[in-house]
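Asks: Next come the chains, spelled out residue by residue.
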Amino acid sequence: MLYSVLGKTLGFVGFTIQYGCLAHCAFEYIGEFVMCSGPSMEPTITNHDVVFSERVSRHLYRIEKGDIVIAKSPFNPRMNICKRVVGLEGDKVPRGHVWLEGDNLHNSSDSRSYGPIPYALIRGRVCLKLWPPHSFGALSQSPNDGRITPSE
Amino acid sequence: MAQKTGLGRRYIRAFVSGFFVAVPVTVTVLDRLAYVARVDGASMQPSLNPEGASAPDVVLLNRWSVRNYQVQRGDIVSVVSPKNPKQKIIKRVIALEGDFIKTLGYKNRYVRVPDGHLWIEGDHHGHSFDSNTFGPVSLGLLHGRASHIIWPPNRWQKIKPSVPPDRRPLLSWGGSTEDEDDDDDDDE
Numbered sequence: 001m002l003y004s005v006l007g008k009t010l011g012f013v014g015f016t017i018q019y020g021c022l023a024h025c026a027f028e029y030i031g032e033f034v035m036c037s038g039p040s041m042e043p044t045i046t047n048h049d050v051v052f053s054e055r056v057s058r059h060l061y062r063i064e065k066g067d068i069v070i071a072k073s074p075f076n077p078r079m080n081i082c083k084r085v086v087g088l089e090g091d092k093v094p095r096g097h098v099w100l101e102g103d104n105l106h107n108s109s110d111s112r113s114y115g116p117i118p119y120a121l122i123r124g125r126v127c128l129k130l131w132p133p134h135s136f137g138a139l140s141q142s143p144n145d146g147r148i149t150p151s152e
Numbered sequence: 001m002a003q004k005t006g007l008g009r010r011y012i013r014a015f016v017s018g019f020f021v022a023v024p025v026t027v028t029v030l031d032r033l034a035y036v037a038r039v040d041g042a043s044m045q046p047s048l049n050p051e052g053a054s055a056p057d058v059v060l061l062n063r064w065s066v067r068n069y070q071v072q073r074g075d076i077v078s079v080v081s082p083k084n085p086k087q088k089i090i091k092r093v094i095a096l097e098g099d100f101i102k103t104l105g106y107k108n109r110y111v112r113v114p115d116g117h118l119w120i121e122g123d124h125h126g127h128s129f130d131s132n133t134f135g136p137v138s139l140g141l142l143h144g145r146a147s148h149i150i151w152p153p154n155r156w157q158k159i160k161p162s163v164p165p166d167r168r169p170l171l172s173w174g175g176s177t178e179d180e181d182d183d184d185d186d187d188e
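Order-wise, the sequence lines are chains A and B.
Residue numbers for the first sequence follow this note's numbering, beginning at 1 and rising by one.
Residue numbers for the second sequence follow this note's numbering, beginning at 1 and rising by one.
It is worth saying that the hints were derived from the structure and are not from the lab.
This structure is a prediction, so every number in the text was calculated from the model and none was measured.
Note that CB positions come from ideal geometry on N, CA and C, so glycine has one too.
Computed beta-carbon distance windows for the label pairs:
#, chain 1, residue 1, chain 2, residue 2, range
1, A, Trp131, B, Lys102, 48 to 54 angstroms
2, B, Ala34, A, Asp145, 44 to 50 angstroms
3, A, Tyr114, B, Ala14, 49 to 55 angstroms
4, A, Leu2, B, Trp151, 40 to 46 angstroms
5, A, Asp91, B, Lys160, 43 to 49 angstroms
6, A, Trp131, B, Arg9, 41 to 47 angstroms
7, A, Phe52, B, Ser65, 30 to 36 angstroms
8, A, Lys8, B, Gln72, 40 to 46 angstroms
Only pairs whose alpha carbons sit at most 27 angstroms apart, straight line, appear in this in silico DSSO-like list of lysine-lysine:
#, chain 1, residue 1, chain 2, residue 2
9, B, Lys88, A, Lys92
10, A, Lys92, B, Lys83
11, A, Lys65, B, Lys88
12, B, Lys160, B, Lys102
Listed next, the stretches of chain B that the computed footprint assigns to chain A, with coverage defined by at least 3 CB atoms under 8 angstroms from CB atoms of chain A:
#, region
13, 73–84
14, 113–124
15, 138–149
In isolation and in its complexed conformation, chain A is listed as follows (with noise of 0.2 angstroms):
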């Protein structure tokens, strides 16, 4: 009786284990749904949107111009920020940094307030929108034209 009781919660304690690091590896190198708050994005992205961000471009070393990111808060490493890179490395930027900023440029303290971030910071590129259902999909273009430098 008792072996079955125990043989059982070691079973479910196997299984718990097994899940939850399936769980850490999917989260950790697939992606991640994030609710954003703030008005520094809009309007590509509102406040209480939902979006997923996903690893891999970051594991990759493939994040590019333009691309939206969620990245650690150089100031608060337990939060998090939304903003789109502007700038990589080389162009007037640091090397192994990244100049951030958010879409909406009235309302928005990113890079130009506190430098460029190092890039390691970064957690995950942004590639779909999904709640607000009427606005469902992928993210558009940065309303700022200029404000991405061009590449060499």
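Fit chain B to the supplied structure of chain A, relying on the hints for placement.
Replies: Quick look at chain B alone, frame taken from chain A:
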């Protein structure tokens, strides 16, 4: 013949199911619990790699203890290099956010470490690519805390946090400088 295919199929099934358990568990352990890394370079001599490249130290990096970004002054930590996101560097934490320190060769003589940042230095001053070159590093770049040296066997030890006495902060946010008779804590 039927026996053989039965065994073959069972073997493949066992292998696949084992693979799907082992790989995620290993990856999760390396990401969240502990990581093992060989130390390259001379920037942390004599604490790490005292023999140089001929006998590099291997350290155990505790990733669980930094999940809330809590480190103490004097800890040896590994961070992602701000100049190269593909590389990790191992240095000692000299100052935490809010501390006011004197730098060694940085563009500013005195620096107040900004919120959410750390000041890290190698023990071997002058041979170290650290905050004196690239400034304070964001806590988000923290990778792990070196807790033990695990190779070579004659260097097995637990790494204790210790700030070199000449590198203590001038003022610190927590109010916890080591000197009892330090008067400048009231100034801002």
